[in-house]
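My request is simple: use the sequences and hints to build the entire structure.
Residue numbers (my numbering), protein chains in the order written: chain A, -6 to 176; chain B, 726 to 906.
Just so you know, the hints here were simulated from the structure itself, not pulled from any lab data.
Just so you know, not all the hints are guaranteed correct.
Claimed, not checked - Examples of chain A residues lying across from chain B (beta carbon under 7 Å, computed): (1) 19; (2) 20; (3) 23; (4) 27; (5) 97; (6) 135; (7) 167.
In this text, a Cβ means the ideal position worked out from N, Cα and C, and glycines have one as well.
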Amino acid sequence: MIDIKLIEECRSGNFNNFRKLVEVTSPFAFSVAFRMLGDGDQAKDVVQEAMVTVWQQIRKIRSASVYKSWVYRIVINKCYDNLRKRKRNMEYSANEHTWALLSDTVSHWPSSELENKENAMIISVLTNKLSPKQKAVFVLSELEEMTSDEISGITGMSKLAIKANLYYARKSISEMLEKYLRQ
Amino acid sequence: MKQGNDKYLKIIDLLRRSKPVLDSTGDIEREVIREISRIKEPIFNLAGLIDFLFGWVYIGWVRRSFVTVSLLLVLVFVYQQGVIMKQINILNRQLIITGGEPSASGFQHFEKLLMMYKRSDRGFTSRDITISEQQLKELIETINELQIKYQYIEKLVEEDPKLKQFIEQKLIENNQTKVNL
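This is the structure in structure tokens:
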């Protein structure tokens, strides 16, 4: 939980404790960026850029209560930019090792938590075929466990669009798992 | 499909539990603060002020309007200069009379008459000929001399009746009309 007083201070132009705000904001911003991009380093870059944007524009937000969803929106938008660039540069292709890891994970469920590296690998494989919007809805809904109202507030999508994107994301991932994972 | 759904739920559950761990926020903090310091706005933003004061010149229609108005002003100025130069040229050619009221005799009297003649717009106009003040003075002096000579001759004629009669007769012969001296 972020201290409202801290946000209010920054909103009023007092950035003495901005470092503290970065400290409390970075973890949840990183979580979304990591799951969207499937890459720890790129996620860190996105969080840095997002925090600079926060510093520049925090005075424009209506109230401290909307801070978290506002940060999510910034992060998601930065992730969209990143994914667009990446699409031009390279296409991720899963190798045998990744599928073996996935297969092992499913067969030993419930297993212990994944390391960042494994986590990134699995997310990249599963969401590779999804569009940025589908990816955003999938991450916010399925992994961050947000409601459709919250997702709508962050992405600006209608509830119907969220539902449709989530349906296609689930379908795509399920089909992939069905096709490639051995029992 | 049910199997696929089962696998999906297992994977999602695992991914939910496996929250990405940000090992240290220190790096991010440092990078953010460094970036902020780099782009920190100056206290007095001169560029912003200039933009605020004169930024409107970049509005297309304002710019075009001002260009049009300035061209019109230049044309009006050129036209006015032309008119003024023309007027100066006309004034240069006109007779300049200086001094007080002309008296009723001699040089000044003639000067007054000449002025009246000019103003009545008869005969030549100042726009058609160019005459300097010196030339005009010479003309008037010549006329005065002629007038004096005429008066002298008139006096001689008055004093000598025979001469008067002779001149009258000669004039009648030349002009075919009666002349009284």
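For each hint, the structure was consulted:
Hint on residue 19 of chain A holds. Least Cβ distance to chain B is approximately 5 Å, under the 7 Å limit. Contact between residue 20 of chain A and chain B, as hinted, is supported at the beta carbon level, the nearest pair being about 5 Å apart and thus within 7 Å. With 7 Å as the threshold, the beta carbon of residue 23 of chain A comes within range of chain B, its nearest partner Cβ sitting at about 4 Å, so the hint holds. Here the hint on residue 27 of chain A is kept, as its CB sits about 4 Å from the closest CB of chain B, short of 7 Å.
At a threshold of 7 Å, the smallest CB-CB gap from residue 97 of chain A to chain B is about 11 Å, leaving the interface hint violated. A hinted interface residue such as residue 135 of chain A counts as satisfied when its beta carbon comes closer than 7 Å to some beta carbon of chain B; here the least separation is about 5 Å, so the hint holds. Residue-level restraint check for residue 167 of chain A holds (minimum Cβ-Cβ distance to chain B is 4 Å; threshold 7 Å).
Hint check: a violation occurs at hint 5 only; the rest are consistent with the structure.
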